[in-house]
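Assemble the complex: chain A is given as a structure, and chains B and C must be docked to it using the hints.
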Amino acid sequence: MNQAPKPLERQGHRPWQRAEQALRRIGLSGRALVIMAPAIWLTVFFLIPLAVVFGISLSSKQFGRPPYSSLLTFGEAGTVQLTLHLSNFVKLFSDSLYVSAYLNSIKIAAVATVIALALGYPMAYFIARASDRWRNVLLMLVILPFWTSFLLRVYALTGFMRGNGVINNFLGLFGIDPLIMMQTDFAVYVGIVYTYLPFMILPLYTNLVKLDEALLEASADLGARPYRTFLAITLPLSVPGIVAGSMLVFIPAIGEFVIPSLLGGPGTLMIGRVLWDEFFSNTNWPRAAAVAIAMLVVVVVPIMLMQRAQSATVER
Amino acid sequence: MPKQPLIAADARPWRDATAKPFVRINNVTKKFADVAAVSDVSLEIYQGELFCLLGGSGSGKSTLLRMLAGFETPTAGTIEIDGQDMTAVPPYSRPVNMMFQSYALFPHMNVEQNIAYGLKRENIAATEVGQRVNELLALVKLAEYGKRKPHQLSGGQRQRVALARALAKRPKLLLLDEPLGALDKKLREETQFELVKIQETLGVTFIVVTHDQEEAMSLATRIGVMNQGEIAQIGEPTDIYEFPNSRFVANFIGSANMFEGVVTEDESDHITISSAEAGCDIYVDHGVDCAPEQRLWWAIRPEKIVLSRQRPDGATNVTRGLVDDIGYLGDTSVYQIVLDSGKQVRVTKANTRRGDLDAIKWDERVYLSWAGNAGSVLTA
Amino acid sequence: MRKGWFLPTAAILGFTFLYAPIISLVVFSFNENRLVTVWSGFSLKWYGELFADPQILGAAGLSLQIAFASASIALVLGTLMAIALVRFRRFRGRTMLAGMISAPLVMPDVITGLSLLLLFVAMESLFGWPAGRGTMTIIIAHTTFCMAYVFVVVQSRLVDMDISLEEAAMDLGATPLRVFIDITLPIIAPALISGWLLGFTLSLDDLVISSFVSGPGSSTLPMVIFSKIKLGVSPDVNALATIIIGLVALGVGVATALQLRGQRKPYSRVGRAQK
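Residue numbers (numbering that gives the first Met the number 0), protein chains in the order written: chain A, 0 to 315; chain B, 0 to 379; chain C, 0 to 274.
If we strip away everything but chain A, and leave its shape as in the complex, we get (with noise of 0.2 Å):
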């Protein structure tokens, strides 16, 4: 063996060192541009889009293109003339359409959120506490329908409702008379517990499997029957999935555009829709805009606690 414990020279030069060479002569380093590559991209297309919708729910609503007035207009003396109009706003306010449809969604998402979590929660305790074969199975299902077309799943269940569909047929047979399901704050309830399920079940799951198994038999072994160990330490210990899991069924509920109008009557009125509708039938894009700004107001505060759970995991 050879004893001399030289070391192995450096010999070699590597071939991106001149591009890296180039870069940094410019003050870019390998790392800034990781950071700035996707910091860019959102700024321009979700940052300043923002900023966009809050100026324009701002200006009147105009005929031409595009559909609404400039907030400045350059006068003749050089001047820039700076024009506000608050009056979307103040309509959002008055228009009793407006106000039913914000109370709605927060009632329909609330709802629909505690309907999922009260479904969603056993589930994800069961699969939690499944078998290690059948856990993969059962966490494939659920994730199944996550992967499957949000649309066509919400047309699935148009077919199970509607007048004439599975269910009516179903209850058909033993002679009873066919259910009105489709076009009610029924239907929309099931179906936005229908599709966002899994989105309530994986947060939990997740947070339940790791639930330390020797802590409900300490609790057992101290005497506490079931219930009261679940009360008293699943529970308490599952508040951060159910947190996650029911803001991932709320905040994007409250938006939602497809179900109400896909599912829900002409009366279930929901933000979203409202929004659609002022944007593409009344073209008024002022307005629309305006719906926005509130609506992102009312999502806000749960978007601040997803993305405080959210960054806690990423400082981890």
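For the record, the hints were derived by calculation from the structure and aren't laboratory data. Certain hints may be false.
[To be verified] Capping the alpha-carbon separation at 30 Å, the derived lysine-lysine pairs in DSSO-like fashion look like this:
no.	chain 1	residue 1	chain 2	residue 2
1	C	LYS229	A	LYS106
2	B	LYS146	B	LYS119
3	B	LYS342	B	LYS303
4	A	LYS60	C	LYS229
[Said to hold, decoys possible] Distance ranges between label pairs, derived from CB positions:
no.	chain 1	residue 1	chain 2	residue 2	range
5	A	TYR226	C	GLU31	49 to 55 Å
6	A	ASN135	C	GLU31	35 to 41 Å
7	A	LYS209	B	VAL34	26 to 32 Å
8	B	ALA8	A	VAL208	47 to 53 Å
9	A	VAL208	C	ALA248	22 to 28 Å
10	B	TYR327	A	ALA219	38 to 44 Å
11	B	LEU321	A	TYR226	52 to 58 Å
By construction, the Cβ of each residue, glycine as well, lies at the ideal position given by its N, Cα and C atoms.
Positioned in the frame of chain A, the structure of chains B and C alone reads:
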């Protein structure tokens, strides 16, 4: 095998004031946010040494090692390796390699690819790489395992692959982070000796981080005991054990009985300490840098106390107590003795006779005595 | 707790609820009758009609193109973002960036769609780009929300990955870029694949955002389906849905298999003994 030049364990360059250190850590401090993980550490390590950084968790030993590897930059101070300032050199340009606590074997590469990885970064010809890999596989006795993936190896085999990979580039300095931590006790003892053998054959300087004092004692040429980001004591294993410089070191390495007392006699060739805890005057047969009336501590190892039923001769270094508990460990027995002052003392006694019927038993009153040079006087 | 009747019953009910509508949709796609819900005999005629419909085929082609492009761009950007937030300890704007990346995950589609449209219109009147709206603007919009999903998937893999693997490579002489190519990339590859697949599916599925930012002549598949459903019953939509569900099931199966393989190999922590 050619005869090695002097290895550090024999030459003891640290005792030679003119010897040039190989690694020089100068007043290094590392702060995370506002907390100092390492504060003002200075350390010199010589060529061919097997130096152990010993300390509990959070003592800063790993941070110091990571600064040597280049994964952390010192907040203040400099690190020199072989006369070159390494403070600003990135990890991939340092003549240093590291063996990780988790081994950090690349899971998607087989054993050969893992070992060859560092060599390939140097644009070395493929044939030479292959030759070197085979050499290393032979060195760590894994010649048959080159094509295996890390997850197909046992813990001990993985440890050897990690060692081979770290040695592949013939680093001047090898850093080992808890190299034996993940092995079970028996394997650990075997591997300890193998590690020392490899280190002595190759003559590479090793710096080992460990929390296991037995490991440090049996591996190291010298030990640096770390506490709360500072070096508490540097010395050969025997120095650290027999001549601890502080209460922390005395307690951290092995176990020690500690008595608080006051200096009543301070001569150049001996001192006397009056200790209420000990229940007698303690006579120390050498001079100590202290002042009369000074409050200090005297520490003695459990095996250096002699138990007897009859009172030994002499007025000092004898006290009395009651046997409170006996722990039989096979080779030794541990006696818990409560002195008349109420102080608990731990004494170990080698079981030199089989089935000794005359052995000291529970609830016996016994005399404890010791030699004038048996304990250490500690002022810190 | 384990042997109660409540949990299994709830689970069976829940899974029935999740699957019954989908299964009936698939079954009725093979129904001969035009009335979607009245069974009158097995037939593949709706599939035939589907493949004869140029509007659907065109829209499907466009959707696939868009999904491919947005998933790919989002994969790059989302991965870079995950690396920045997981591996770079501190930099200016870190908190801001962390907030921005996860917001599109929960932002209601109508807001994302409207805001991007208004941006495109404003940009067009300011710089003349993008000239009109169509495939390009849809790709940009989809990339923006897909990268958030890619980020989440890749980020969790990066967090799990033993960082000393990267340090070991660097210690052996690999520069940061080299470390990324040799070590990080192969280890997070399963996450990259599932991130890309997730982005691809989400893009393929999007109706609301596309409706806002698309232009004349660029109708994506969901837009066509939506207008068909709005008009009333159409058995060919059942056929289309069956094909899509089949493809998704296949994709999820492959992705799960990949992930399980990844789990069996202890990529994250090598210390574990495996037989």
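Right, here's what the structure says about each hint:
For the hint linking LYS229(C) to LYS106(A), the alpha-carbon distance of about 26 Å falls within 30 Å, and the restraint holds. Distance hint between LYS146(B) and LYS119(B) is fulfilled; the C-alpha atoms sit about 17 Å from each other, no more than 30 Å. Restraint check for LYS342(B) and LYS303(B): satisfied, since their Cα atoms lie roughly 17 Å apart, inside the 30 Å limit. Restraint check for LYS60(A) and LYS229(C): satisfied, since their Cα atoms lie roughly 29 Å apart, inside the 30 Å limit.
Distance hint for TYR226(A) and GLU31(C): a CB-CB separation of about 52 Å, consistent with the stated range 49 to 55 Å. Separation of ASN135(A) from GLU31(C) is about 38 Å and conforms to the stated range, judged on CB atoms against 35 to 41 Å. In this structure the supplied range 26 to 32 Å holds for LYS209(A) paired with VAL34(B), their Cβ-Cβ distance being about 29 Å. At roughly 52 Å, the beta-carbon separation of ALA8(B) and VAL208(A) lies within the given 47 to 53 Å, and the hint holds.
Between VAL208(A) and ALA248(C) the C-beta distance comes to about 24 Å, which sits within the given range of 22 to 28 Å. Look at TYR327(B) against ALA219(A): about 39 Å separates their beta carbons, and that is inside 38 to 44 Å. Between LEU321(B) and TYR226(A) the beta carbon distance is about 55 Å. The supplied range of 52 to 58 Å therefore holds.
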